[in-house]
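Student: So the sequence lines, in the order shown, correspond to chains A and B. The first sequence runs 2 to 460 under the working numbering. The second sequence runs 20 to 482 under the working numbering.
Be aware that one or more of the hints could be misleading.
Unchecked claim - Output of the computed footprint for chain B on chain A, the stretches with three or more beta carbons under 8 Å from beta carbons of chain B: (1) 25-38; (2) 98-104; (3) 245-252; (4) 269-275.
Stated by the list, open to error - A few chain B residues that don't get close to chain A, going by computed Cβ distances all over 10 Å: (5) T80; (6) A84; (7) D153; (8) K170; (9) R192; (10) T205; (11) G287; (12) V298; (13) E418; (14) E425; (15) G430.
If you're looking for bench data, these hints aren't it; they were derived computationally from the structure. The model shown is predicted, which means the values in this text are computed figures rather than measured ones. Cβ coordinates follow ideal geometry from the N, Cα and C atoms, glycine included.
So the chains spell out like this:
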Amino acid sequence: MTADGGTGFESDLQTVADRVVAQAVPGEEIEAYVTRGGETEVRVYQGAVEHFVAAQSEGIGIRVIRDGRTGFAYAGTLDPGAIDEVLAEARDNQQFGQPDEFAALAQPDGVEVTAQSLWNEALAEYPTDDKIDLAKQLEKRTSGVDPRVRVDDANYVDAFGESAVASTTGIRKSGRENGCYVSVSTLADEGDGDDAETQTGFGFSVGRSPHDFDLDKAAREAADRATRLLGATKPASKRLTVVLDPFVTAQFLGVISSTLNGEAVVKGRSLFRDRLGDDVAASNVTLVDDPTNPLAYTATDVDGEGLAARRNVLIENGVLRRFVHNSYSGRRAGTVSTGNATRGGFAGTPGVGCLALSLVPGTRSQAELIADVDDGLLVQSMQGLHSGVNPISGDFSTGAAGLLISGGEVGAPVREFTIASTLQRMLTDIVEIGGDIDWLPMRASGMSLVIRDVTMSGV
Amino acid sequence: MIDDDVLERVLAGAVRTGADFAEVYAEDKASTSAGLDDGRIEQVTSGRDRGAGIRVIAGETTGFAYTSDLTESGLARAADAAASAASSGGGGVRTVALTKSAPHRPNTVVHLPDAIAKARKVELLQRMDDAARDSGPEIVQVSAGYGDSSKRTLVANTDGVHVDDEVVRTLLRISVVADGDTGMQTGFQSMGHTVGFEIFDTVDVEALARDAARQAITKLRARPAPSGAVPVVIKNGSGGVLFHEACGHGLEADHIQKDASVYAGKVGQLVASPLVTLVDDGTMPGEWGTLGFDDEGHITQRNVLIEDGVLTDYMWDYLRARKEGRPQSGNGRRQSYQHLPMVRMTNTFVLDGPSEPDDIISSTANGVYVAKLGGGSVNTATGDFVFGMTEAYMIENGEITEPLREGNLIGNGPQVLKDIDMLGNDFAMGNPGTCGKDGQGVPVGDGQPTLRVTAMTIGGTAA
Numbered sequence: 002m003t004a005d006g007g008t009g010f011e012s013d014l015q016t017v018a019d020r021v022v023a024q025a026v027p028g029e030e031i032e033a034y035v036t037r038g039g040e041t042e043v044r045v046y047q048g049a050v051e052h053f054v055a056a057q058s059e060g061i062g063i064r065v066i067r068d069g070r071t072g073f074a075y076a077g078t079l080d081p082g083a084i085d086e087v088l089a090e091a092r093d094n095q096q097f098g099q100p101d102e103f104a105a106l107a108q109p110d111g112v113e114v115t116a117q118s119l120w121n122e123a124l125a126e127y128p129t130d131d132k133i134d135l136a137k138q139l140e141k142r143t144s145g146v147d148p149r150v151r152v153d154d155a156n157y158v159d160a161f162g163e164s165a166v167a168s169t170t171g172i173r174k175s176g177r178e179n180g181c182y183v184s185v186s187t188l189a190d191e192g193d194g195d196d197a198e199t200q201t202g203f204g205f206s207v208g209r210s211p212h213d214f215d216l217d218k219a220a221r222e223a224a225d226r227a228t229r230l231l232g233a234t235k236p237a238s239k240r241l242t243v244v245l246d247p248f249v250t251a252q253f254l255g256v257i258s259s260t261l262n263g264e265a266v267v268k269g270r271s272l273f274r275d276r277l278g279d280d281v282a283a284s285n286v287t288l289v290d291d292p293t294n295p296l297a298y299t300a301t302d303v304d305g306e307g308l309a310a311r312r313n314v315l316i317e318n319g320v321l322r323r324f325v326h327n328s329y330s331g332r333r334a335g336t337v338s339t340g341n342a343t344r345g346g347f348a349g350t351p352g353v354g355c356l357a358l359s360l361v362p363g364t365r366s367q368a369e370l371i372a373d374v375d376d377g378l379l380v381q382s383m384q385g386l387h388s389g390v391n392p393i394s395g396d397f398s399t400g401a402a403g404l405l406i407s408g409g410e411v412g413a414p415v416r417e418f419t420i421a422s423t424l425q426r427m428l429t430d431i432v433e434i435g436g437d438i439d440w441l442p443m444r445a446s447g448m449s450l451v452i453r454d455v456t457m458s459g460v
Numbered sequence: 020m021i022d023d024d025v026l027e028r029v030l031a032g033a034v035r036t037g038a039d040f041a042e043v044y045a046e047d048k049a050s051t052s053a054g055l056d057d058g059r060i061e062q063v064t065s066g067r068d069r070g071a072g073i074r075v076i077a078g079e080t081t082g083f084a085y086t087s088d089l090t091e092s093g094l095a096r097a098a099d100a101a102a103s104a105a106s107s108g109g110g111g112v113r114t115v116a117l118t119k120s121a122p123h124r125p126n127t128v129v130h131l132p133d134a135i136a137k138a139r140k141v142e143l144l145q146r147m148d149d150a151a152r153d154s155g156p157e158i159v160q161v162s163a164g165y166g167d168s169s170k171r172t173l174v175a176n177t178d179g180v181h182v183d184d185e186v187v188r189t190l191l192r193i194s195v196v197a198d199g200d201t202g203m204q205t206g207f208q209s210m211g212h213t214v215g216f217e218i219f220d221t222v223d224v225e226a227l228a229r230d231a232a233r234q235a236i237t238k239l240r241a242r243p244a245p246s247g248a249v250p251v252v253i254k255n256g257s258g259g260v261l262f263h264e265a266c267g268h269g270l271e272a273d274h275i276q277k278d279a280s281v282y283a284g285k286v287g288q289l290v291a292s293p294l295v296t297l298v299d300d301g302t303m304p305g306e307w308g309t310l311g312f313d314d315e316g317h318i319t320q321r322n323v324l325i326e327d328g329v330l331t332d333y334m335w336d337y338l339r340a341r342k343e344g345r346p347q348s349g350n351g352r353r354q355s356y357q358h359l360p361m362v363r364m365t366n367t368f369v370l371d372g373p374s375e376p377d378d379i380i381s382s383t384a385n386g387v388y389v390a391k392l393g394g395g396s397v398n399t400a401t402g403d404f405v406f407g408m409t410e411a412y413m414i415e416n417g418e419i420t421e422p423l424r425e426g427n428l429i430g431n432g433p434q435v436l437k438d439i440d441m442l443g444n445d446f447a448m449g450n451p452g453t454c455g456k457d458g459q460g461v462p463v464g465d466g467q468p469t470l471r472v473t474a475m476t477i478g479g480t481a482a
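With the hints as constraints, model all of the structure from the sequences given.
Tutor: The following block contains the structure:
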């Protein structure tokens, strides 16, 4: 959900949303959310296009609330007859919801929208042949980094989205955005016969326009990630200090964000539910959700309910200050929306979530952080975050691969082991936050992060 | 959904610039879901998705476009977009003559979802909520969901293939939170079948809810899992995901053709313990991964992948089979009309072995008993995989003892397959799963008898 702050853009989808909302009868709240989107995806393999996908889709989701009961319906079309059916279905579904005194649509809250430039005309007009060429270039440069490296696939992807929301409570907002990225997956081979070994890596570059790409950096990172792990062995089990690579830190923050989710809090599913004002992290930890920062990949001007996106400090110097809310969870918690309604397209109602999470970075480089670690592990990748981490109990256990650190220096590669702790302990065990902030294509930024006393489980 | 003559004209148009293959995949899906949380029915949702994806192939290049406009002009526009990406510069007029395949319906559906009142669907959730909360004062939160869908599909291609299919799905899930002195713990259960509402004539929804509650309450007294490599016994019907990750993905022909699988070039070789026979079968009546035809119009079948430990075959879709000049295996699947098909599993399972399950446990001096596995993932190129254990216990002196906190298990696929040293005779299918690959999720089933792996690494925190 975005609006083109300052450019005066209003989508024709706004009319579609307005028309639905105008059908509300007394006592009925209606919200219509309408989107149109498209993507181009090019995959190149061995110098030729393996597939090219070009497509557009659109749809509408309608929420009806009456007497505290909520109903919802959607359709992947904007055909007027279908929209009438969606409204009728949502009204029918409303009868089966059970009354909830807090159920209501978002109300305009007067918070000023921070203007963002989320639409890039240069991307919208970028020629198809040049998109294909970018993917081919990336494949060629990646293969050229190291003779041991093969490319599994090289991709160019861009997408645009346009949306409009309207409600009987006075929300009315439309906008559009676009963006693109290139990515490459690598294989590195070494040895023959029974000693043959393959490791994998990936690299990417993102931008509002293809002119923002750094293909060489993506190629080098993809090659390095794979070759660094060649010869990796399974380590012995022990407790040690870990240094998380920026990409891994961003994944870790993604897990932490679910414990700060206002809906999980009001429904008693957050391990921090009664900890506001307590020390929950080391005193050097300040965690901020700030979608108004234009550097963030997921920067936006409005949230999924059409309220202004805003900067929220969640943890300040280790103290838990705030949970993120949409209008429902905010109302239930006795507070207000923090502008954190999320929306996964037209087929669902708004959820709650962090939009652009970041730790306030420190000052030192990854090399400087590693130099202070006597016995540790540089974590290059984690595997199984969805299966081994429980954000309700706090248990944390994931597969990992990386490089051992000994006496302040990076040493042998290791793989096929797990790292484990609990989310509660990991936050308080943060030793230092790196200054190497990287804005990644996800809802959290990355930087190197040093955490002590993590269990490495191997042989 | 679309008339035969329209399909023939759209397909002929798609290959007029010289492409060698074109395909229309259309779907019309109606779905209903209901969610209960925090003691009340929060919302009932109805959804409708309808559209077509058109794929055009010229040599090694695939062009793909999709549309929600199923009129002839809408389809023709999508066909042009797909063809422009995959034209060989040649041309000429080709006619397409479709031959309609006889229906193949492995599932028998008695009650279609739209014939059942929404109130009856919602009532199931309330019964589950009551049953979970009655399981003990420790239960502090319950979330439950019901979902059904009816998806009609049509596939037609320039080879003359023309099939219709319809898949009905019914799903129920519950997650429970228990609170105690040591913090909160969770329990989860689900049930999903490719049949209609009649499934609730036989499924005890209260038992499902009580089982989720029991898991959460049991874990309140769980101790930290050990770390390091230990023998692992996996309960029947709970660990099929082990094979899905340890070797299933590595046997998909797209990974094989790019030499990005540890199983490439190993057909005919011993890749697993001789106890292991692994099957992928899209025809099992009512199972979550069952289909009449795959999403490329090829009839589903039973494929033996590993027989007595020897690798017999990979899984194939149209594109990879064509490249190899061999038949497809009914494993070409896609998430929706908005996605390209690729090689995917259906129902993947290991057949029974010779051992009594009790003997497997009693002959294990010390180890871990996994009663329920969570999700998993694999790196097919290295074979390294993980999966979560959501309900596990210590085995001490041949007996199941204390519960363990959650964590991941990690292993290397080829090694773990060889390290299976006992296989039970109590085969059971597991919970419905969603398999993710390259950004697409498709429903899959899995199953296995009780089995033992001589050593796997447990990702716990205890020394």
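Student: Does each hint fit the structure? Answer for all of them.
Tutor: Hint-by-hint comparison with the structure:
With 0 residues carrying a beta carbon less than 8 Å from a beta carbon of chain B, the segment 25-38 of chain A misses the three-residue requirement, and the given coverage is violated. Here's how the segment 98-104 of chain A fares: 4 of its residues keep a CB closer than 8 Å to some CB of chain B, so the rule of at least three is met and the hint holds. With 0 residues having a Cβ less than 8 Å from any Cβ of chain B, the segment 245-252 of chain A misses the three-residue criterion, and the hint is violated. Coverage of a stretch by a chain is defined here by at least three residues with a beta carbon nearer than 8 Å to that chain's beta carbons; for the segment 269-275 of chain A and chain B the count is 3, and the condition holds.
The claim that B:T80 lies off the interface is violated: its Cβ sits roughly 5 Å from the closest Cβ of chain A, which falls inside the 10 Å cut-off. Consistency note on B:A84: stated as away from chain A, yet its beta-carbon is not over 10 Å from all of that chain's, at 5 Å minimum. Separation of B:D153 from chain A is adequate, the least Cβ-Cβ distance of about 18 Å exceeding the 10 Å criterion. With 10 Å as the threshold on Cβ separation, the claim that B:K170 sits away from chain A holds: the shortest Cβ distance comes to roughly 13 Å.
For B:R192, the condition that its CB be more than 10 Å from all CB atoms of chain A holds, with the nearest at approximately 16 Å. For B:T205, the shortest C-beta to C-beta distance to chain A comes to about 5 Å, within the 10 Å cut-off, and the non-interface label is violated. No beta-carbon of chain A is positioned within 10 Å of the beta-carbon of B:G287; the least distance is around 17 Å. Against the 10 Å criterion, B:V298 stays outside the reach of chain A, whose nearest CB is about 24 Å from its own CB.
With a least CB separation of 24 Å from chain A, B:E418 remains clear of the 10 Å interface cut-off, as annotated. At roughly 5 Å, the least C-beta separation between B:E425 and chain A is not larger than 10 Å, which violates its mark as non-interface. Interface exclusion of B:G430 from chain A breaks down, the closest Cβ pair being 7 Å apart, not more than 10 Å.
Consistency note: the structure conflicts with the earlier hints numbered 1, 3, 5, 6, 10, 14, 15.
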